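There are 2 protein chains.
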Amino acid sequence: MEVSVIAIGDELLIGQVVDTNSGVISREITPDGWTVRSTRAVGDNAEDIKRAITQAFEQTDVVLTTGGIGPTKDDITKQTLCDYFGGELVYDTAVEKNVLEVVAKRGLKINPLTAAQAYVPSSCSVIQNRVGTAPIMWFEKEGKVLVSMPGVPFEMKEMFTTEVFPRLKQRFQSDIAVEHRTFIVINYSESVLAGKLEKFENDLPGNIHLAYLPQPGIIRLRLTGTDTDKARLSDTLDSLSAQLDDIVGADIICKEDKTPAEILGDLLRKKALTLSTAESCTGGNIAHCITLVPGSSDYFKGSAVTYANEIKSAILNVSQADLEQHGAVSEEVVRQMAEGATATFHTDCAIATSGIAGPSGGTPDKPVGTVWMAATLGGKTVSECRRFAGNRERVINHATTIATLLLIKLLLN
Amino acid sequence: MEVSVIAIGDELLIGQVVDTNSGVISREITPDGWTVRSTRAVGDNAEDIKRAITQAFEQTDVVLTTGGIGPTKDDITKQTLCDYFGGELVYDTAVEKNVLEVVAKRGLKINPLTAAQAYVPSSCSVIQNRVGTAPIMWFEKEGKVLVSMPGVPFEMKEMFTTEVFPRLKQRFQSDIAVEHRTFIVINYSESVLAGKLEKFENDLPGNIHLAYLPQPGIIRLRLTGTDTDKARLSDTLDSLSAQLDDIVGADIICKEDKTPAEILGDLLRKKALTLSTAESCTGGNIAHCITLVPGSSDYFKGSAVTYANEIKSAILNVSQADLEQHGAVSEEVVRQMAEGATATFHTDCAIATSGIAGPSGGTPDKPVGTVWMAATLGGKTVSECRRFAGNRERVINHATTIATLLLIKLLLN
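Chains as they are written, first to last, in our numbering: chain F, 3 to 415; chain W, 3 to 415.
No wet-lab data here; the hints were simulated from the structure.
Please note: incorrect hints may appear among the correct ones.
Derived lysine-lysine pairs resembling DSS-like cross-links, with alpha carbons at most 27 Å apart [what the hints assert, rightly or not]: (1) K198(W) to K99(F); (2) K111(F) to K368(W); (3) K107(F) to K198(W); (4) K232(W) to K260(W); (5) K143(F) to K52(F); (6) K107(W) to K198(F); (7) K198(F) to K111(W); (8) K411(F) to K273(F); (9) K171(F) to K52(F); (10) K111(F) to K198(W); (11) K99(W) to K198(F); (12) K260(F) to K198(F); (13) K111(F) to K201(W); (14) K368(F) to K107(W); (15) K257(F) to K411(F); (16) K260(F) to K273(F); (17) K232(W) to K257(W); (18) K111(W) to K201(F); (19) K411(W) to K273(W); (20) K52(W) to K146(F); (21) K201(F) to K232(F); (22) K411(W) to K111(F); (23) K198(F) to K411(F); (24) K146(W) to K52(F); (25) K111(W) to K411(F); (26) K368(F) to K111(W).
Here the structure is a predicted model, which is why all the values come from computation and not from measurement.
Working from the sequences, and respecting the hints, build out all of it.
And the structure:
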């Protein structure tokens, strides 16, 4: 089954908000064999919303909209849907009751704008929004379905996952199985990996597709297959996975779609090891990525973000002489930072970074993007220097990945 | 001038990659009075790409595409553009030369897949990609323009900003000025703020639009105006800004579109104060947000991410008795964490957090989402407990904002 997604809101078009709802919908439906055919973002403009709906229905029988249904004036989606599907806005006391409950749960009082959420098109059936005040509206027309959901990511995700998608699956049955296999590959550029996989790719059966999803420091390879026979599809993908293993197995660090921080967490939990980080240029981003993983407190003890040199000495016991002689961005310092972290935080292993994220601070010897990284485990410390391209955020993200991979490789050896 | 954006790539539709390029384009063009009319994401599918181009040209004279032009097999955009605009793929020696230079600069060798980048449609003019191997292709047809750009965010941003947009501005002149004014408002829910601004909004002139952009903890209010007379527009917006000041001035913490970390950084720099953070449940995210700001090393000294209780005592000098008596998630502990950070890092002020980000770890007394936050400045410490809704990532982000605001408010008083 294919769906189209329409995100509504001026804020999406002037770049102040990134649409993450479409991705949430995609990730939720693909394991069940559903596919997002296309996504669109349009402004709070009746003509553009109607045009987007018409074009979306030309391609798919299900259209999901997010956003544009808040209480404020710039949200005109509700009236537009009413015009499109017919009927008129009517006051719905069940919605009013739900709004009152949600508002009370937040410790707030109802006001005229929130109360106006209870007006809904007479042509829709309402799904009550348990986690917000904007009702979910389900429209049907000539066998096609449009569901209007709130734009607040947290509300959209909760209600789509628990209410909207289950009802859509009931409404439209599918007999085609879809399966994805993802492989996290390191040590390759996209084109070198594609060269190595050329024959494998040319020999793929017609119902299997290979995609390259490069990110700084890693490439996610994804095999996608479709088949009416679910078991036969799994067998085919098993066999192709084994072939991939023969070709690039040594550089595959994970066979699930996980982040480096998740892969690291799995390894640490399996080996019952504890972790700390010592971060200069990454400024806490490694710790942030690690602690985004639920349950990370099982293995993660803490991080010292040591922007100032005196703090590197005070907390991580980095030699002041080495700081003066080699500078903070040096192999000597980053190794001592990693080793100092294991001592300070009493952990089995540690990751450390020291570099120049830019845009200023570069020198001819150490230009912007130069980052020293180290990992230490059981008395063995490894280090690596890289010069990353791109802006400050990209340097931080790239260094975060490569430093995390340093420790993953130590743990895998 | 209006443009449409089309992001191409299967990875966008299965939710593995979020399209950030559209936002970069929007933010780059709006200050110059250009507008993104709509954005679309489509898969690596010739029919869908052609349909998206046709529909986009129905709305705007300029269409920008990102992605789908890498060296691997799943990228079929180039051939599709060739079919759409006519001509055939030809080998371009200037592109070959550029690819060789870029590959050499990266310390890599050319391979057949990278070399294939030199094939371009005969119907386009090429803009050489200084920072990657995929050439930028500029097509013209019946007074309309399509520019195909790479999907790698760093390459797209660099080339769009320095080459593509300047050429578009030269090609299409506009005589309508557009101006935005953004206000960062705290202490309000969206609907309460909208109620307070109802009369202001109803009285707005027809060429001025007000938008509410809520995020956890803050609401960005944006006035957007258009006028053929740039000076008149500025005067109108000045006057409206003054009215906004009269109504909600006390809760406007900034009159530019800045993040809380940027607002905090401006205040610290202006007052020549230094900052550290002590983070438990936010796991380094406050430090990460602060250090994303270029130049933050001027005022930020470091952070102690203290996931383990013994580390809270060892590094931040938190009383073990208080940890045992009140628990890590308590007012006593979070205040000592903030004060301990100023001592350990020798800073003028500090921010601290301790809470339960979930999904596990909650108790009846302290359910998931409970977070104690503190800020300290010049011997004065303030603290606040909140119970945030949503998943782990949302709790972390919300706590990051509210804790940062605590210190901002101290600095503004």
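Legend entry - Hints breached by this structure: none
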